[in-house]
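Working from the sequences, and respecting the hints, build out all of it.
Residue numbers (our numbering), protein chains in the order written: chain A, 1 to 368; chain B, 1 to 368.
Each hint should be verified, as a subset may be incorrect.
One copy or two, either will do: identical chains are not told apart, so a pair holds if it fits within one copy or between any two.
Once the Cα atoms are required to be at most 30 Å apart in a straight line, the calculated BS3-like pairs of lysine-lysine come out as [stated by the list, open to error]: (1) Lys-139 / Lys-87; (2) Lys-211 / Lys-87; (3) Lys-130 / Lys-10; (4) Lys-130 / Lys-87; (5) Lys-139 / Lys-211; (6) Lys-130 / Lys-211; (7) Lys-357 / Lys-130; (8) Lys-357 / Lys-211; (9) Lys-357 / Lys-139; (10) Lys-10 / Lys-139; (11) Lys-10 / Lys-87.
It should be emphasised that the hints constitute simulated quantities derived from the structure, not laboratory data.
Number of protein chains: 2
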Amino acid sequence: MHSSLMRAQKLFELVDLGPSQTCLITDLSDIRWLTGFSGSHAWLVVHHQELFLLTDGRYVEQARAEIEAHCAVVEVIECRTLAAMQKATETLTQGSATVQFQDSQLTYQNFLALQAELSSTLMPCDSSIKFLRRQKDDKEIQLIESACLIADHALQQCVHLLSTGVTENEVRDELEYAMRRLGADGPSYDTIVASGPTNSARPHHHPTGTKIENGHTVIIDVGALVAGYHSDMTRSFVVGPMSSEQAEWYEAVRAAQQAGVEACRPGVQVSEIDAACRRVLSQAGLEQYFTHGTGHGVGLVIHEEPFINSSCQAILQPGDVVTVEPGLYRGGFGGFRVEDLVVITEHGCRILNTSPKDPTCPPLQLTT
Amino acid sequence: MHSSLMRAQKLFELVDLGPSQTCLITDLSDIRWLTGFSGSHAWLVVHHQELFLLTDGRYVEQARAEIEAHCAVVEVIECRTLAAMQKATETLTQGSATVQFQDSQLTYQNFLALQAELSSTLMPCDSSIKFLRRQKDDKEIQLIESACLIADHALQQCVHLLSTGVTENEVRDELEYAMRRLGADGPSYDTIVASGPTNSARPHHHPTGTKIENGHTVIIDVGALVAGYHSDMTRSFVVGPMSSEQAEWYEAVRAAQQAGVEACRPGVQVSEIDAACRRVLSQAGLEQYFTHGTGHGVGLVIHEEPFINSSCQAILQPGDVVTVEPGLYRGGFGGFRVEDLVVITEHGCRILNTSPKDPTCPPLQLTT
Numbered sequence: 001m002h003s004s005l006m007r008a009q010k011l012f013e014l015v016d017l018g019p020s021q022t023c024l025i026t027d028l029s030d031i032r033w034l035t036g037f038s039g040s041h042a043w044l045v046v047h048h049q050e051l052f053l054l055t056d057g058r059y060v061e062q063a064r065a066e067i068e069a070h071c072a073v074v075e076v077i078e079c080r081t082l083a084a085m086q087k088a089t090e091t092l093t094q095g096s097a098t099v100q101f102q103d104s105q106l107t108y109q110n111f112l113a114l115q116a117e118l119s120s121t122l123m124p125c126d127s128s129i130k131f132l133r134r135q136k137d138d139k140e141i142q143l144i145e146s147a148c149l150i151a152d153h154a155l156q157q158c159v160h161l162l163s164t165g166v167t168e169n170e171v172r173d174e175l176e177y178a179m180r181r182l183g184a185d186g187p188s189y190d191t192i193v194a195s196g197p198t199n200s201a202r203p204h205h206h207p208t209g210t211k212i213e214n215g216h217t218v219i220i221d222v223g224a225l226v227a228g229y230h231s232d233m234t235r236s237f238v239v240g241p242m243s244s245e246q247a248e249w250y251e252a253v254r255a256a257q258q259a260g261v262e263a264c265r266p267g268v269q270v271s272e273i274d275a276a277c278r279r280v281l282s283q284a285g286l287e288q289y290f291t292h293g294t295g296h297g298v299g300l301v302i303h304e305e306p307f308i309n310s311s312c313q314a315i316l317q318p319g320d321v322v323t324v325e326p327g328l329y330r331g332g333f334g335g336f337r338v339e340d341l342v343v344i345t346e347h348g349c350r351i352l353n354t355s356p357k358d359p360t361c362p363p364l365q366l367t368t
Numbered sequence: 001m002h003s004s005l006m007r008a009q010k011l012f013e014l015v016d017l018g019p020s021q022t023c024l025i026t027d028l029s030d031i032r033w034l035t036g037f038s039g040s041h042a043w044l045v046v047h048h049q050e051l052f053l054l055t056d057g058r059y060v061e062q063a064r065a066e067i068e069a070h071c072a073v074v075e076v077i078e079c080r081t082l083a084a085m086q087k088a089t090e091t092l093t094q095g096s097a098t099v100q101f102q103d104s105q106l107t108y109q110n111f112l113a114l115q116a117e118l119s120s121t122l123m124p125c126d127s128s129i130k131f132l133r134r135q136k137d138d139k140e141i142q143l144i145e146s147a148c149l150i151a152d153h154a155l156q157q158c159v160h161l162l163s164t165g166v167t168e169n170e171v172r173d174e175l176e177y178a179m180r181r182l183g184a185d186g187p188s189y190d191t192i193v194a195s196g197p198t199n200s201a202r203p204h205h206h207p208t209g210t211k212i213e214n215g216h217t218v219i220i221d222v223g224a225l226v227a228g229y230h231s232d233m234t235r236s237f238v239v240g241p242m243s244s245e246q247a248e249w250y251e252a253v254r255a256a257q258q259a260g261v262e263a264c265r266p267g268v269q270v271s272e273i274d275a276a277c278r279r280v281l282s283q284a285g286l287e288q289y290f291t292h293g294t295g296h297g298v299g300l301v302i303h304e305e306p307f308i309n310s311s312c313q314a315i316l317q318p319g320d321v322v323t324v325e326p327g328l329y330r331g332g333f334g335g336f337r338v339e340d341l342v343v344i345t346e347h348g349c350r351i352l353n354t355s356p357k358d359p360t361c362p363p364l365q366l367t368t
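Okay, here's the thing in structure tokens:
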């Protein structure tokens with residue numbers, strides 16, 4: 001059975017819709033996963049083994065083409081306005097006792113307006129699709145791996161710039177341009193280039209005109225987007241000779257990241273991945289400088305389930321694609337982060353990135 | 001008074017909060033407009049002439065720096081989790097009879113969780129900030145104009161590519177790279193490059209590997225992002241000699257767009273802008289091929305109020321920044337769209353774009 005039909009079948013089983021129940025999906029990533037539709041405006045009504053995509057005139061032709069390419073079976077219904085979508089939902093759900101809806105995706109305003117239109121009662125059903133989407137199939141893993149490869153190659157093309165006096169913005173521009181030239185649909189998220197004692201100490205720094213100088217630590221967090229699927233990778237560098245403290249921090253982060261990756265296998269609770277990273281940093285006396293979560297799932301959304309932190313009880317399963325990304329940050333000194341994207345396999349995990357983890361900035365090497 | 005304080009004052013006046021009322025703002029663009037904070041996670045509690053920004057550890061330092069640069073007066077409160085944000089909101093709103101909230105920004109799930117935490121009653125108050133944000137001040141208009149200028153220059157640098165056998169993707173890549181090199185923080189939205197009888201007939205086409213060929217119509221819809229402010233512009237081209245039908249369609253769109261711009265002045269209902277465009281297309285017997293709205297406001301959000309269509313009753317006022325963008329589309333033939341961004345002035349409007357409206361593709365001209 002084609003994967004799109006399998007996905008729909010899993011959905012039908014999960015929500016277990018009898019003739020008197022329907023389900024309304026409003027999360028666009030869920031809709032893409034089920035139907036292939038990549039536009040910015042649609043609702044999907046799931047009605048007893050049938051799927052109906054409601055979208056506006058801009059997207060009708062595109063929706064039909066994408067659904068066909070996805071080998072999905074979905075009827076497309078054109079709705080010119082939000083009110084028309086509400087009315088179409090009522091028509092399709094008449095006679096249902098309840099309509100399950102995604103309460104983390106629908107605004108309070110739209111909930112009230114939709115409920116006013118419907119003769120059935122809206123009932124929250126949130127996490128079902130996110131759960132289904134966690135286990136990636138071979139095609140999805142291939143797309144994510146392609147996205148990783150593009151970011152790896154782009155970084156390889158641009159890393160020599162770091163020692164040439166460029167700015168954070170310029171490195172970001174070249175990385176994103178390189179990813180596009182390598183076939184990416186775009187960056188997977190806002191590329192981070194964070195340099196020096198202040199900026200690299202900010203985990204989510206936005207690139208600036210700051211010039212990258214000798215002695216700076218530089219964090220580069222970059223991913224590519226391919227057919228809706230994301231990659232996510234971080235490497236850290238020191239421009240020029242490393243101080244002993246920089247070397248100590250870098251080695252601690254690298255060892256912590258390796259310990260995290262080594263802990264990734266089916267059956268493990270994700271909090272154990274977090275603990276594996278923290279143990280190494282704690283032994284180095286640096287855990288207090290690790291101020292964010294250890295990782296997250298990646299797929300049609302850059303941050304998706306499972307979220308890897310000390311309190312999440314999710315269990316890793318084959319097909320999970322997650323980041324492992326410990327980092328250390330201290331304002332006035334700088335920061336380091338190392339991140340790989342891994343796919344959980346039958347017995348362990350496989351790293352999808354290929355970028356080396358050497359923190360020195362290589363000079364430009366011309367291919368001969 | 002500095003504009004940020006004026007904005008806060010306008011908000012206090014608008015929501016008219018006595019000591020027993022508070023307001024929770026969750027729209028990130030509204031928060032940026034009021035405080036300067038540009039991060040991806042925050043709530044703003046407005047409490048009787050005081051502002052409190054709740055955000056997580058990633059953003060505390062950045063929030064304080066941006067608030068200071070914005071000359072705003074806002075206390076930053078660190079909240080590690082969503083639950084902590086809910087608790088902080090309860091602490092700050094205790095004793096309020098009601099807490100006004102943005103019902104088009106809060107999900108149903110978050111509404112229920114927040115209401116469960118609060119001793120006060122949540123009351124929808126949606127459109128107030130959007131209304132305040134419509135009238136741009138001089139600084140905002142300057143930023144939007146800078147963003148327009150960048151897109152104009154990027155298009156000027158890239159338009160010669162159209163007759164060189166490149167693909168839609170390649171033109172998009174070069175445009176976005178050029179905008180970055182010219183100082184943009186990024187593209188203002190997904191750049192559209194739509195060529196030929198099929199793709200250019202799709203108003204929201206996503207660029208592909210389609211090669212741009214002789215005889216193709218090409219629509220380029222491109223904008224830049226500068227300090228959070230967007231620009232938005234469309235030009236249409238024909239590669240090689242124009243057919244008489246292409247020339248007829250292009251002239252109709254261009255005349256319709258000019259009529260729309262000429263109708264832009266204070267006191268005019270936006271539906272009249274739409275009508276002005278449609279009259280020209282109707283006289284040319286082509287109105288049936290104009291399948292989308294005529295325009296929209298642009299600012300911290302690429303599509304914001306007022307929305308220019310046949311049913312919107314908003315009245316243009318000085319400081320409104322809106323697009324005027326009629327287009328014609330017919331599958332198998334192609335499409336044309338011409339779009340300018342204009343700012344409403346005291347007596348009329350001023351076009352913020354400078355790109356010429358010549359549909360022929362100029363060859364590469366080297367500056368001497």
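(message) Of all the hints numbered above, which does this structure not satisfy? Sort the numbers upward.
(response) 1, 2, 6 and 7
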